[in-house]
Amino acid sequence: MTDTLTPVLTDNWDAERSWTLASYEDRGGYASLDKAFAMAPDDVIGAVKESGLRGRGGAGFPTGMKWGFIPQDNPRPKYLVVNADESEPGTCKDIPLMMASPHTLVEGVIVSSYAIRANTAFIYVRGEVLHVIRRLQRAVQEAYLAGHLGKNIHGSGYDLDLIVHAGAGAYICGEETALLEGLEGRRGQPRLRPPFPAVAGLYASPTVINNVESIASVPSIIVNGAEWFAAMGTEKSNGFGIFSLSGHVANPGQYEAPLGITLRELIDLAGGMREGHELKFWTPGGSSTPLLTPEHLDVPLDFESVGAAGSMLGTRALQLFDETTCVVRAVLRWTEFYKHESCGKCTPCREGTWWLTQTLARLEKGQGSEADLDLLLDQCDNILGRSFCALGDGATSPISSSIQHFRDEYLAHLTHGGCPFDPAASTAFPSLSDTAAGATA
Amino acid sequence: MSAESKLDQKTWDELREIAARYPEARSGLLPMLHLVQSVEGRVTPEGIEACAEVLGISAAEVNGVATFYTMYKRKPVGDYHVGVCTNTLCAVMGGDLIFERLKDHLDVGNDETTEDGKVTLEHIECNAACDYAPVMMVNWEFMDNQTPESAVRVVDDLRAGNEVHSTRGPRLCTWREAERVLAGFPDDRADEGPGAGPASLVGLRIARENGWTAGAEGEKK
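Heads up: the protein sequence lines correspond to chains A and B, in order.
Quick note: the first sequence uses our numbering, first residue 1, plus one each step.
Quick note: the second sequence uses our numbering, first residue 1, plus one each step.
Possibly wrong hints are sitting among the right ones.
Reference excerpt, derived from the structure (chain B facing chain A, CB under 7 Å, subset only) [what the hints assert, rightly or not]:
| id | residue |
| --- | --- |
| 1 | 127 |
| 2 | 160 |
| 3 | 161 |
| 4 | 164 |
Here chain A is said to cover these stretches of chain B; the calculated rule only asks that three of the stretch's residues, wherever they fall, bring their Cβ under 8 Å from a Cβ of chain A [to be verified]:
| id | stretch |
| --- | --- |
| 5 | 29-37 |
| 6 | 61-69 |
| 7 | 91-102 |
| 8 | 111-121 |
| 9 | 131-138 |
| 10 | 182-191 |
| 11 | 197-206 |
Anything over 12 Å on all C-beta distances counts as not near chain A; from chain B, calculated [as the list claims (entries may be wrong)]:
| id | residue |
| --- | --- |
| 12 | 13 |
| 13 | 46 |
| 14 | 145 |
| 15 | 149 |
| 16 | 159 |
| 17 | 179 |
The set of hints was computed from the structure by calculation and includes no laboratory data.
Bear in mind that the values here come from a model prediction, so they are computed numbers and not experimental data.
We treat Cβ as the ideally placed atom computed from N, Cα and C, and that holds for glycine.
Taking the hints into account, I'd like the entire structure generated from these sequences.
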């Protein structure tokens, strides 16, 4: 029986000066390197396949299988690119990982690059996290000085260079081909697939792009074995993951647990919802995953079960909202976000997100009519599956799911002639906000 | 007048140094534009010309990139860029009230700078710190769990020249200094601040109290 929480990636976050090489190595850090170098690269890929690790950036694609797609007979250089552009609303796991233990990621990069036979790797980190970038830069520098990076690593004959690359503010660069455009010094717009990055990615060369948490999980698999990893989680969703609780819960934060834990269990661990309030709606994996309600509290948080409940596990970004929150306001704000971040490449997303915002804004003000709900669903229908990448699809998720679960609340805005909620009541400082609420009432 | 005369030699050398880090030089463009901002206080026409010349591409191509990413600014930015998260979760938790209070207190609108040139205020999107909501960023350092009152104290201290620390990081530097780090020139301050904030450790603490582990070191469960 697996324990309720299983700290692996988070296990050293409370260590003294956890971000330093000395602290990391004191706890056995970089032990996976020699073990991996003693294996053939294909056997490292095999171990990751056998572990059942699936991508932790949202889509859940099997990591080892992705690595296996790299055509090793292609004479061009191979590249590993870490997607550290964590920007999906609600998602806040990779940033604390890189802040507290950047060496976990660097170690993962080395083993993963060895497996796919890359001699150059990149960490594409969003630019808006200065101190995280400092810690990554320092960790890479320390790793070079210690001989974990550079030429002939640990005498293995294997060479690797690792470059930390700061982005410049664009949610779309979390999409892997838009990220490659950004890394090539271009506007971050997604590329047509095929060819997939495994065949023609960075500089038209075979490229693996993985999320921070996926790569950071690799050393533990190599050290402890694929079976150890696969023993955690559920049938098709193996291993552990970091679950990020935010919003109206007593103790928001990071909880590392086997996949398949339920929100009910997580809320219990987090001390319940905030005093005197109850859960109204939540996202399982960021704002692009359809909203769920209290009736879904016992859904196992693994890829299959959340999918069967009509949403997606995504990045395990559990944003919790209580009964003080207006779902229409929440959805409008997310929609404005997608509108702002739409890259403009394809018409359904570029135009559609503007239309969605207009229609929603009117409803939120209590204007328009019930027919606007059908209009919204029709607009969603013209975006979902018709946009160039998943950004447009994601933009429709909060809208269609909120109409499904909270249709009456949209209608209440029409009968009330505006929003019936007091925004001050939903803040983290409701008592402080009395005057502010009075001023805006 | 050629672009060469506007930027000093050190900046030209560093732009070339950035381009040389990559297998293909153009990959350096994003950090190069960060460097331009650290020197010029914004992306200037001279900076665009310089990037274009170093990379052997047109100024229009550089301009197209500079206008795509939100961290690149065409207007001068103050010493401190203050970003208030108003994406849904932070907005609901109080970000909207914080942003309104700061606009009123600083007498500026979104993406505007105070008359003394100290503070540029902007509402920003999710910055990956939702467990610390509502969140404010100053020069892209975390200011966690803010209230309207705490946010006002921060900007007042910044304008008065008082030392301000990130709630989960180091002493705040200026926006230009921050941009230089983003360009890939470390400022040797990685050791300041804690490893993790309290919310990052909440699950780990519970696991420790209960003796819960992933069964590493051969204790497979």
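Taking the hints in turn, this is what the structure says about them:
1. 127: holds, 6 Å
2. 160: Residue 160 of chain B check fails; min Cβ-Cβ to chain A is 22 Å, beyond 7 Å.
3. 161: Violated, about 20 Å.
4. 164: violated, 14 Å
5. 29-37: holds (count 5)
6. 61-69: It holds, with 4 qualifying residues against the three required.
7. 91-102: This one holds; 8 residues, not fewer than the three required, reach chain A with a Cβ under 8 Å.
8. 111-121: violated (count 0)
9. 131-138: Held - the stretch 131-138 of chain B has 5 residues with a Cβ nearer than 8 Å to chain A, which meets the minimum of three.
10. 182-191: Our answer is that it holds, as 8 residues pass the Cβ test (under 8 Å) against chain A, meeting three.
11. 197-206: Coverage by chain A holds for the stretch 197-206 of chain B (10 residues, Cβ < 8 Å).
12. 13: holds, 19 Å
13. 46: Correct as stated: the minimum Cβ-Cβ distance to chain A is 19 Å, above 12 Å.
14. 145: violated, 7 Å
15. 149: violated, 7 Å
16. 159: holds, 20 Å
17. 179: violated, 9 Å
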